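Q: Take a look at the letters that make up each chain.
Number of protein chains: 2
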Amino acid sequence: MPSVFVSESHVPTLVVDVMPKAELLDPQGKAVHGALSRLGHSAVSSVRIGKRFEITVDEVTDEVIADVTKVAGEILSNSVIEDVVSVREANER
Amino acid sequence: MPSVFVSESHVPTLVVDVMPKAELLDPQGKAVHGALSRLGHSAVSSVRIGKRFEITVDEVTDEVIADVTKVAGEILSNSVIEDVVSVREANER
Chain F
1 MPSVFVSESH VPTLVVDVMP KAELLDPQGK AVHGALSRLG HSAVSSVRIG KRFEITVDEV
61 TDEVIADVTK VAGEILSNSV IEDVVSVREA NER
Chain R
1 MPSVFVSESH VPTLVVDVMP KAELLDPQGK AVHGALSRLG HSAVSSVRIG KRFEITVDEV
61 TDEVIADVTK VAGEILSNSV IEDVVSVREA NER
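Just so you know, the sequences run in chain order F and R.
Per the UniProt record's numbering, the very first residue in the first sequence carries number 1; after that it's consecutive.
Per the UniProt record's numbering, the very first residue in the second sequence carries number 1; after that it's consecutive.
These are computed hints drawn from the structure, not numbers from a lab.
Just to be clear, a hint being listed does not mean it is correct.
Partial selection, computed: residues in chain R whose CB lies under 7 Å from chain F [stated by the list, open to error]:
(1) Ala43
(2) Ser46
(3) Ile49
(4) Phe53
(5) Glu54
(6) Asp58
Only some residues are given here: those of chain F computed to face chain R with a beta carbon under 10 Å [said to hold, decoys possible]:
(7) Leu14
(8) Val32
(9) His41
(10) Ala43
(11) Gly50
From a predicted model like this one, the values you see are computed outputs, not experimental measurements.
Just so it is clear, CB atoms sit at the ideal spot from N, CA and C, and this is done for glycine as well.
With the rest of the complex left out, here is chain F (with noise of 0.2 Å):
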């Protein structure tokens, strides 16, 4: 069922995919939503929007992993605001 339209590269990388918060108000997303719906697509029943990072490392060892995972809570989210959702390889989807 995924339909994959762009394959990745094969140098490795780790994505790292940021949400607000679902307790927040997301106004770009209601503003996307609102458009879906007077364009008719009423299957839709709401939109949020976040962040993918698609960072390149040199090498996916367990301590890049670790220090990427701290860089995602640290520097790439907003911890005010976003939650770090996952920490994961490119090509494990």
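Following the hints, put chain R in place on chain F, whose structure we already have.
A: Just chain R, lined up with the frame of chain F:
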């Protein structure tokens, strides 16, 4: 290996990932990479920043997936500068 920090909701959700095209510069990613380098995270060799949409739907059917895939290409991404990397169910990671 994938560390999931926040479990996703059980509401049927499609995730759309959009990234800047590989052949284009990503100044935001470059800035983050520069900051990480200065902070001593030398394992990171590049960073690219895209968007992750969580689209809640009433039910995941082939028709809904086709509709969201169309929306992803026409509305959620700017095909001049961005690629839709994937459209998939949230739990199919």
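Q: Does aspartate 58 of chain R pass the interface check with chain F, least Cβ-Cβ distance below 7 Å?
A: With a closest approach of 6 Å, the aspartate 58 of chain R hint holds.
Q: Against chain R, run the beta carbon of glycine 50 of chain F and see if the smallest gap drops under 10 Å.
A: 5 Å, holds
Q: Let's test the interface hint: is any C-beta of chain F closer than 7 Å to that of serine 46 of chain R?
A: With a closest approach of 4 Å, the serine 46 of chain R hint holds.
Q: May I ask you to test the interface hint for alanine 43 of chain F with respect to chain R, counting a Cβ-Cβ separation under 10 Å as satisfied?
A: 5 Å, holds
Q: Against chain F, with CB atoms and a cut of 7 Å, does the hint on glutamate 54 of chain R hold up?
A: This interface hint holds because 5 Å falls under the 7 Å limit.
Q: Hint validation: isoleucine 49 of chain R versus chain F, beta carbon distance must be below 7 Å. Holds or violated?
A: This interface hint holds because 6 Å falls under the 7 Å limit.
Q: Would you settle whether the hint for alanine 43 of chain R is holds or violated, based on the nearest Cβ-Cβ distance to chain F being less than 7 Å?
A: 5 Å, holds
Q: Does leucine 14 of chain F pass the interface hint, meaning its C-beta sits closer than 10 Å to a C-beta of chain R?
A: 9 Å, holds
Q: Holds or violated: is the Cβ of valine 32 of chain F closer than 10 Å to a Cβ in chain R?
A: This hint holds: valine 32 of chain F lies near chain R, its Cβ roughly 7 Å from the closest one there, short of 10 Å.
Q: Given histidine 41 of chain F was flagged as interface, is its beta-carbon under 10 Å from a beta-carbon of chain R?
A: 6 Å, holds
Q: Report holds or violated for the interface hint on phenylalanine 53 of chain R, using the least CB-CB distance to chain F and a cut-off of 7 Å.
A: 6 Å, holds
Checked against the numbered hints given earlier, the structure satisfies every one of them.
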